[in-house]
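Colleague: Residue strings, one per chain:
Protein chains: 2
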Amino acid sequence: MLSVHLENGHVFVLDIPKPERPPGYALIRTLAAGICSTDLELQRGYYGFSGTPGHEFVGEVVEADDATLLNQRVAGEINLPCGNCSWCSRHLGRHCPHRTVLGIVKHPGAFQEFFTLPERNLHLIPDGIATESAVFIEPLAAACEILDQVRIPAGEKVAVLGDGKLGLLISQALHAHGAKVLQFGRHRDKLLIAARAGVETASVNATLPEAEFDFVVDATGTREGLSNAVRMVKPRGTVILKSTVHGEVAIDTAPVIVNEITLIGSRCGRFEPAMELLRLGTVRVDRLITDRFPLASAPEAFARAAEKGVLKVLLEGSRGA
Amino acid sequence: MLSVHLENGHVFVLDIPKPERPPGYALIRTLAAGICSTDLELQRGYYGFSGTPGHEFVGEVVEADDATLLNQRVAGEINLPCGNCSWCSRHLGRHCPHRTVLGIVKHPGAFQEFFTLPERNLHLIPDGIATESAVFIEPLAAACEILDQVRIPAGEKVAVLGDGKLGLLISQALHAHGAKVLQFGRHRDKLLIAARAGVETASVNATLPEAEFDFVVDATGTREGLSNAVRMVKPRGTVILKSTVHGEVAIDTAPVIVNEITLIGSRCGRFEPAMELLRLGTVRVDRLITDRFPLASAPEAFARAAEKGVLKVLLEGSRGA
Chain A
1 MLSVHLENGH VFVLDIPKPE RPPGYALIRT LAAGICSTDL ELQRGYYGFS GTPGHEFVGE
61 VVEADDATLL NQRVAGEINL PCGNCSWCSR HLGRHCPHRT VLGIVKHPGA FQEFFTLPER
121 NLHLIPDGIA TESAVFIEPL AAACEILDQV RIPAGEKVAV LGDGKLGLLI SQALHAHGAK
181 VLQFGRHRDK LLIAARAGVE TASVNATLPE AEFDFVVDAT GTREGLSNAV RMVKPRGTVI
241 LKSTVHGEVA IDTAPVIVNE ITLIGSRCGR FEPAMELLRL GTVRVDRLIT DRFPLASAPE
301 AFARAAEKGV LKVLLEGSRG A
Chain B
322 MLSVHLENGH VFVLDIPKPE RPPGYALIRT LAAGICSTDL ELQRGYYGFS GTPGHEFVGE
382 VVEADDATLL NQRVAGEINL PCGNCSWCSR HLGRHCPHRT VLGIVKHPGA FQEFFTLPER
442 NLHLIPDGIA TESAVFIEPL AAACEILDQV RIPAGEKVAV LGDGKLGLLI SQALHAHGAK
502 VLQFGRHRDK LLIAARAGVE TASVNATLPE AEFDFVVDAT GTREGLSNAV RMVKPRGTVI
562 LKSTVHGEVA IDTAPVIVNE ITLIGSRCGR FEPAMELLRL GTVRVDRLIT DRFPLASAPE
622 AFARAAEKGV LKVLLEGSRG A
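First to last, the sequence lines map onto chains A and B. Position 89 (the first sequence) corresponds to 89 in my numbering; numbering is contiguous. Position 115 (the second sequence) corresponds to 436 in my numbering; numbering is contiguous.
Bear in mind the hints are in silico, worked out from the structure with no lab data behind them. None of these values were measured; they are calculated from a predicted model. We treat Cβ as the ideally placed atom computed from N, Cα and C, and that holds for glycine. One thing to keep in mind: the hints can contain errors.
Below 20 Å or equal to it, Euclidean Cα-Cα: the simulated EDC-like pairs (lysine to aspartate or glutamate) are [as the list claims (entries may be wrong)]: (1) A:180 / A:214; (2) A:180 / A:210; (3) B:427 / B:362; (4) A:234 / A:212; (5) B:555 / A:148; (6) A:234 / B:469.
Non-contacting residues of chain B with respect to chain A, defined by C-beta distances greater than 10 Å in every case (computed) [stated by the list, open to error]: (7) 337; (8) 348; (9) 525; (10) 527.
Starting from the given sequences, assemble the full structure and let the hints guide the process.
Modeller: Next comes the structure, spelled out in structure tokens:
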């Protein structure tokens, strides 16, 4: 089968044997998978990664212990917890210190024709969600995680910094929740996607408002994002850190302390609210897809995804293989 | 009257007229006042300060609109809010954007024979608290602020990083609250003060435990403090930022995001719980006093306070002046 392999900054497509399915795992055929910023970072060699990436996927179950899964379209939680530790017993397997992570940490990802994942990680995709849209369940769940972490009252003014893929999902998810979102970005065309969804937008090149929001989400992926967020949040307000930057970020902690600001790191989320938003059509993701490539063209797909101004690039499996 | 004046890194003692008392303000005679790390930073010219510092004080009211205050010993909240804004209307005058701050921002401080403060800022000091101990009400209130911001269950393991003045107040306040405190520091003699109060202590030179605490307080005042705290806190745990460093601090935000850590800035607090801890003798502060000087010897007092290993240095007013 075809399998994408990252090594020393290069993207290879290899022909390797289909993986063995351990008990409790499903063997999944990849229908479509999204290239995420994390995948581009893995390619650049961050985290010392080599192997098969891919953690935003829609697949079809071809083998499983649970017969009800067979031939079903599924999305899947990316963390594979140990199941035995105190985190797992508290249903926080996403933070299990012994976990592996699909396509990121010691578990081969979805950028190949077939891969495996524990059956308990899988979610059946409702018929109302197109396969291309369902690829966004995982990143949209990460956007919705914010609402599981902080209580944002309906009507509350929230600033979202960054108009990349994640920023656009976050602004739509918070808007759907009822927050009064103001999204700041650099790209007129990307902000237009948010505006079409009803989100108010502003250029980050304008003078940023100071101490004006109770909640600010930093999804810029830039070194300046966090400092800007701290300046924009009110005293006693909350900054949600949603995007990483490789290496260290310089921050002046004095205003954080004097203004008693809360900074919250936010990562993966539950799939249920994301599936519901997609099923209802409250969050639209079709406009976020810039391009599509077959698995065999993964090197071109990665190059495309790294271009400026590009949003989501999909890798597509061969349907009837 | 004698008045301490900071200018360009120098400490002067001037002879100036007694201040006028505006309506609603008390005229206060300084009995004792503590030199805090912030005062040393003001001396170094941070925040462009020049003027009279001093915000940890015990005074005697000599003039006031409210006759019940006369001749009473008082401590005082250091923030002078405008009283008219949305912060003030929510009883969060400590964060009023128009506030002045005693001895820090545009309101002359307590390092002089007489100074003024709004009567509503004052707290009568119970007879059971010695004047020298009452100087610690303000910093102990800042320590207690943590318990107003985060819910720490009794018996919970909490790490306190730093064995300076504030660290020693924090560890004792959290210990009194019922937390199982482990305090990390560099100084055997300072840690001994915490140990005598029943706090478990450890040298920061040992290997620091990783991902072991649900709560970590950074009171180190060092650039490494925050990074160490992030390493020591469990996933989904909380780091409380209690001490500032001048300039920017470099932080790797990746573990904050991946482990969904919460960072909370923490500053001034309510005086009531601090006064109660001192009245009951649950927190002992006498061992934190290294030295005492009369107001006239403020230059020597500041020099002493800046020496390595020194804890609190007090400035004392002339009793019967």
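Colleague: So, for every hint listed, does it hold in this structure?
Modeller: Evaluation of the provided hints:
1. Among the hinted pairs, residue 180 of chain A with residue 214 of chain A is consistent with the structure: their alpha-carbon atoms are about 11 Å apart, no more than 20 Å.
2. Proximity of residue 180 of chain A to residue 210 of chain A is assessed by CA-CA distance (about 17 Å); at most 20 Å being required, the pair is judged to hold.
3. Of the pairs offered as hints, the one joining residue 427 of chain B and residue 362 of chain B holds, with about 16 Å between alpha carbons and a cut-off of 20 Å not exceeded.
4. For the given pair, residue 234 of chain A sits about 5 Å from residue 212 of chain A by alpha-carbon distance, which is consistent with the 20 Å threshold.
5. Of the pairs offered as hints, the one joining residue 555 of chain B and residue 148 of chain A holds, with about 19 Å between alpha carbons and a cut-off of 20 Å not exceeded.
6. Annotation: proposed proximity of residue 234 of chain A to residue 469 of chain B holds, straight-line Cα distance about 19 Å (limit 20 Å).
7. Residue 337 of chain B, annotated as away from the interface, keeps every beta carbon of chain A farther than 10 Å; the closest lies near 29 Å.
8. No beta-carbon of chain A comes within 10 Å of the beta-carbon of residue 348 of chain B; the shortest separation is about 28 Å.
9. Residue 525 of chain B, annotated as away from the interface, keeps every beta carbon of chain A farther than 10 Å; the closest lies near 19 Å.
10. Listed as outside the interface, residue 527 of chain B is consistent with that label: its C-beta sits roughly 21 Å from the nearest C-beta of chain A, beyond the 10 Å cut-off.
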